[in-house]
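Letter by letter, the chains look like this.
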Amino acid sequence: EVQLLESGGDLVQPGGSLRLSCAASGFTFSNYVMSWVRQAPGKGLEWVSTISGNSGTTYYTDSVKGRFTISRDNSKNTLYLQMNSLRAEDTAVYYCTKYLGSCSGGSCPRWFDPWGQGTLVTVSS
Amino acid sequence: DIQMTQSPSSVSASVGDRVTITCRASQDISSWLAWYQQKPGKAPKLLIYAASSLQSGVPSRFSGSGSGTDFTLTISSLQPEDFATYYCQQANSFPLTFGGGTRVEIK
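Each protein sequence line maps, in turn, to chains A and B.
Residue numbers 3 to 127, in our numbering, belong to the letters of the first sequence in order.
Residue numbers 217 to 323, in our numbering, belong to the letters of the second sequence in order.
Think of the hints as simulated: they come from the structure by calculation, not from any bench.
Everything numeric in this text was worked out from a predicted model, so none of it was measured.
Even glycine gets a Cβ: it sits at the ideal position worked out from N, Cα and C.
Heads up, none of these hints are tricks.
Over the 12 Å line for every Cβ pair with chain A, so calculated as not near, a few chain B residues:
id: 1; residue: Gly232
id: 2; residue: Ser281
id: 3; residue: Gln295
Lysine to any residue pairs mimicking SDA-like chemistry, simulated, CA-CA at most 20 Å apart:
id: 4; chain 1: A; residue 1: Lys45; chain 2: B; residue 2: Phe299
id: 5; chain 1: B; residue 1: Lys323; chain 2: B; residue 2: Val231
id: 6; chain 1: B; residue 1: Lys261; chain 2: A; residue 2: Gln119
id: 7; chain 1: A; residue 1: Lys45; chain 2: B; residue 2: Ala300
id: 8; chain 1: B; residue 1: Lys258; chain 2: A; residue 2: Glu48
id: 9; chain 1: B; residue 1: Lys258; chain 2: A; residue 2: Thr93
One-sided and incomplete, this derived list gives chain B residues near chain A with beta-carbon spacing under 8 Å:
id: 10; residue: Leu262
id: 11; residue: Gln271
id: 12; residue: Phe310
id: 13; residue: Pro311
Can you build the whole structure from these sequences, using the hints too?
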């Protein structure tokens with residue numbers, strides 16, 4: 003069974019830093035593109051960042067570029083999100099998720115399945 | 217960026233009703249569209265991908281259709297466990313974007 007377990011969410015002051023982790027199991031982690039998606043309280047879903055299986059390619063939503071860094075350790079089956087210069091608008095539940103399938107011939111199935119249970123990041127003084 | 221617009225934002229329906237939710241993309245995304253279901257306090261769950269492919273384990277009362285810019289999620293006979301919020305997502309290009317959500321409520 004595929005499992006994704008996030009951790010690291012906390013209350014942090016504006017301007018502070020936090021690192022989220024996502025422990026993966028039940029699949030060959032290195033073969034899959036991984037992503038972070040967030041959801042502010044009472045709001046909709048927002049894609050944050052994506053990383054390829056070999057860490058060679060990363061993508062970010064504009065609002066976090068230069069502040070957040072996605073990374074992975076395939077030897078530990080773990081995905082990370084380093085978040086710096088945090089703002090109040092970063093307050094959200096952060097979900098770890100994987101692409102439904104592996105990429106093939108340059109085409110990637112950018113559908114998210116499954117999702118972890120989420121970890122709450124609160125940015126407030 | 218591709219904007220995804222869902223309608224309605226909420227719908228009240230009864231068990232057994234047919235429910236249709238629409239999603240419109242701001243540009244042609246071919247069939248690069250997914251639908252998710254989210255219940256309160258839970259993570260989203262993939263229902264439909266590639267506009268019309270049913271994810272494994274999802275009941276057949278859920279179906280998706282459309283291509284280009286206009287898409288539809290249909291629940292053929294609403295069940296008690298289907299009361300939730302539904303999101304569409306375009307997978308055509310980065311940044312990946314979601315619709316604003318449609319809340320399906322009990323009438």
